Amino acid sequence: MEKNKRNMFVYRLVQFLSWIVSTFIFRRKILRNEVKGQKGPFAIIANHQASLDFVNLIGVTRRPITFVISQSIYRSSPVKWFMTRLGIIPKQQFQTTLKDMRRMKEVIDAGEILAIYPAGLMCEDGLSTPIPAGTYQFLKWLRTDIYVARTSGMYFSMPKWTKGMRGGRTHLDVYRLFSKEELASADLETIKRKTEEALRFDAYREQEDMMVKYSHCDRIEGLQNVLYMCPNCGCEFSMQVKEKSTIYCTECGFAHKSDKYGFLHNVGGVGEEIRYVSDWSRMIHDTLKEKITRGEDGELSCATAIHMIDGKKNKFVEIGQGNVALTSQGFVLDGRIYDGEDLHLEIPIVTFASLPFKPGKNFEIQNGNDIYRCVLEDGRLAMKFINMVKIYYELHEEAHAKT
Numbered sequence: 323m324e325k326n327k328r329n330m331f332v333y334r335l336v337q338f339l340s341w342i343v344s345t346f347i348f349r350r351k352i353l354r355n356e357v358k359g360q361k362g363p364f365a366i367i368a369n370h371q372a373s374l375d376f377v378n379l380i381g382v383t384r385r386p387i388t389f390v391i392s393q394s395i396y397r398s399s400p401v402k403w404f405m406t407r408l409g410i411i412p413k414q415q416f417q418t419t420l421k422d423m424r425r426m427k428e429v430i431d432a433g434e435i436l437a438i439y440p441a442g443l444m445c446e447d448g449l450s451t452p453i454p455a456g457t458y459q460f461l462k463w464l465r466t467d468i469y470v471a472r473t474s475g476m477y478f479s480m481p482k483w484t485k486g487m488r489g490g491r492t493h494l495d496v497y498r499l500f501s502k503e504e505l506a507s508a509d510l511e512t513i514k515r516k517t518e519e520a521l522r523f524d525a526y527r528e529q530e531d532m533m534v535k536y537s538h539c540d541r542i543e544g545l546q547n548v549l550y551m552c553p554n555c556g557c558e559f560s561m562q563v564k565e566k567s568t569i570y571c572t573e574c575g576f577a578h579k580s581d582k583y584g585f586l587h588n589v590g591g592v593g594e595e596i597r598y599v600s601d602w603s604r605m606i607h608d609t610l611k612e613k614i615t616r617g618e619d620g621e622l623s624c625a626t627a628i629h630m631i632d633g634k635k636n637k638f639v640e641i642g643q644g645n646v647a648l649t650s651q652g653f654v655l656d657g658r659i660y661d662g663e664d665l666h667l668e669i670p671i672v673t674f675a676s677l678p679f680k681p682g683k684n685f686e687i688q689n690g691n692d693i694y695r696c697v698l699e700d701g702r703l704a705m706k707f708i709n710m711v712k713i714y715y716e717l718h719e720e721a722h723a724k725t
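Residue numbering for the sequence shown is 323 to 725, as defined by the working numbering.
Honestly, the hints are just simulated from the structure, not real lab data.
Small disclaimer: the values here were computed from a predicted structure and weren't measured.
The reader is advised that the hints may include incorrect statements.
Said to hold, decoys possible - Listed below are the simulated DSS-like cross-link pairs for lysine-lysine, each with C-alpha atoms no more than 27 Å apart in a straight line:
{"id": "1", "residue 1": "Lys485", "residue 2": "Lys637"}
{"id": "2", "residue 1": "Lys462", "residue 2": "Lys680"}
{"id": "3", "residue 1": "Lys706", "residue 2": "Lys485"}
{"id": "4", "residue 1": "Lys582", "residue 2": "Lys564"}
{"id": "5", "residue 1": "Lys502", "residue 2": "Lys462"}
{"id": "6", "residue 1": "Lys706", "residue 2": "Lys683"}
{"id": "7", "residue 1": "Lys421", "residue 2": "Lys327"}
{"id": "8", "residue 1": "Lys327", "residue 2": "Lys637"}
{"id": "9", "residue 1": "Lys482", "residue 2": "Lys635"}
{"id": "10", "residue 1": "Lys402", "residue 2": "Lys683"}
{"id": "11", "residue 1": "Lys724", "residue 2": "Lys613"}
{"id": "12", "residue 1": "Lys683", "residue 2": "Lys564"}
{"id": "13", "residue 1": "Lys482", "residue 2": "Lys351"}
{"id": "14", "residue 1": "Lys680", "residue 2": "Lys706"}
{"id": "15", "residue 1": "Lys482", "residue 2": "Lys724"}
{"id": "16", "residue 1": "Lys712", "residue 2": "Lys724"}
{"id": "17", "residue 1": "Lys402", "residue 2": "Lys635"}
{"id": "18", "residue 1": "Lys402", "residue 2": "Lys613"}
Unchecked claim - Label-pair ranges, simulated between beta-carbon atoms:
{"id": "19", "residue 1": "Glu558", "residue 2": "Glu503", "range": "45 to 55 Å"}
{"id": "20", "residue 1": "Lys462", "residue 2": "Lys724", "range": "31 to 41 Å"}
{"id": "21", "residue 1": "Glu618", "residue 2": "Gln360", "range": "48 to 58 Å"}
{"id": "22", "residue 1": "Asn588", "residue 2": "Gly433", "range": "29 to 39 Å"}
{"id": "23", "residue 1": "Gln360", "residue 2": "Arg616", "range": "50 to 60 Å"}
{"id": "24", "residue 1": "Glu668", "residue 2": "Ser537", "range": "44 to 54 Å"}
{"id": "25", "residue 1": "Thr572", "residue 2": "Met533", "range": "24 to 34 Å"}
{"id": "26", "residue 1": "Asn689", "residue 2": "Glu519", "range": "52 to 62 Å"}
{"id": "27", "residue 1": "Lys351", "residue 2": "Asn588", "range": "25 to 35 Å"}
{"id": "28", "residue 1": "Ala455", "residue 2": "Ser623", "range": "20 to 30 Å"}
{"id": "29", "residue 1": "Asn689", "residue 2": "Glu618", "range": "49 to 59 Å"}
For each residue, glycine too, the CB sits at the ideal point set by N, CA and C.
Can you build the whole structure from these sequences, using the hints too?
Spelled out as structure tokens, the structure:
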């Protein structure tokens, strides 16, 4: 698939509509904009807090920007027609093929602007998601100036665990991270360190400094699908939300209520207060990592409906039923397709820093050009699957660093 040819009328229309949304809904405030007026080729790397992050970014320069997005989003989008005419580059998520790399390098070689979200996935808990290890070599290979577009506040405007947009305030800081010459002389460890520092965030700690009120920020329906383990009794899948703003454990009575800034407060008199969702989520991750390291809780499986993208309908459709299992070696997807075929796939996860998913519902696995969406019979398991993928990736990278 070649780079889509940009239609400048469509691009300007989307740019204008994005200006309306970023100005009146997200109330974007630009702290710095070092790409304004810049000529020649350069790349922009951006952190990823919400699905509409690009809305704040597309207007930082009048020059057209070529955005890189995942094949899954592109191929299943109801607005694929518009996306095609924006000149976007669809690529495999969390994996970059040689063909993908060449298409992106062509943008730089043509003297244009390339925009990449290295993490490839918006956050579900206010914490930045892992960056695939191959990113740093790729940035060096681009041989161009690298700018950072750092967004804050978008997580609270569009939390992944719920629907809709919440008016408030977002900030955007765009600055140069590496000049072409600095990039050429830097070693990969330096590129990795500076890139991770620039893109790392904790939305709740940022909010502590900004103290921005977002509409309905105290409504946390859906958060129980991310914070699925009780930090007091350790019980999994016992968390529920009541009265729209209180998350509680059905086993021990641990309860926290969200305020209008998104912070949590202990209201049940049970256990210690955990002010940040990000801290709670990190605790769940770390607890599971300790168990896996000890040889416990290292396998997970669930019955699932199997969906794939229908190219004519531009959406995922159910093609069969089966079972998905995860171990340290990878995924095993077994099923019966509705046309009568049996499906058996073994998909290594060593290169997956994470996976696309919807808390409480599903996750997607890419095997070559094929994308399988597993709509779990027990949707509560989706977040645990994702945590395990992240942990196995971390353990692999840690072991690799020691060799």
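Cross-check of the supplied hints:
no.: 1; hint: Lys485 <-> Lys637; result: holds (19 Å)
no.: 2; hint: Lys462 <-> Lys680; result: violated (33 Å)
no.: 3; hint: Lys706 <-> Lys485; result: holds (21 Å)
no.: 4; hint: Lys582 <-> Lys564; result: holds (16 Å)
no.: 5; hint: Lys502 <-> Lys462; result: holds (9 Å)
no.: 6; hint: Lys706 <-> Lys683; result: holds (12 Å)
no.: 7; hint: Lys421 <-> Lys327; result: holds (17 Å)
no.: 8; hint: Lys327 <-> Lys637; result: holds (22 Å)
no.: 9; hint: Lys482 <-> Lys635; result: holds (25 Å)
no.: 10; hint: Lys402 <-> Lys683; result: holds (23 Å)
no.: 11; hint: Lys724 <-> Lys613; result: holds (21 Å)
no.: 12; hint: Lys683 <-> Lys564; result: holds (20 Å)
no.: 13; hint: Lys482 <-> Lys351; result: holds (22 Å)
no.: 14; hint: Lys680 <-> Lys706; result: holds (12 Å)
no.: 15; hint: Lys482 <-> Lys724; result: violated (35 Å)
no.: 16; hint: Lys712 <-> Lys724; result: holds (19 Å)
no.: 17; hint: Lys402 <-> Lys635; result: holds (11 Å)
no.: 18; hint: Lys402 <-> Lys613; result: violated (42 Å)
no.: 19; hint: Glu558 <-> Glu503: 45 to 55 Å; result: holds (51 Å)
no.: 20; hint: Lys462 <-> Lys724: 31 to 41 Å; result: violated (23 Å)
no.: 21; hint: Glu618 <-> Gln360: 48 to 58 Å; result: holds (52 Å)
no.: 22; hint: Asn588 <-> Gly433: 29 to 39 Å; result: violated (56 Å)
no.: 23; hint: Gln360 <-> Arg616: 50 to 60 Å; result: holds (51 Å)
no.: 24; hint: Glu668 <-> Ser537: 44 to 54 Å; result: holds (46 Å)
no.: 25; hint: Thr572 <-> Met533: 24 to 34 Å; result: holds (32 Å)
no.: 26; hint: Asn689 <-> Glu519: 52 to 62 Å; result: violated (33 Å)
no.: 27; hint: Lys351 <-> Asn588: 25 to 35 Å; result: holds (33 Å)
no.: 28; hint: Ala455 <-> Ser623: 20 to 30 Å; result: holds (28 Å)
no.: 29; hint: Asn689 <-> Glu618: 49 to 59 Å; result: violated (28 Å)
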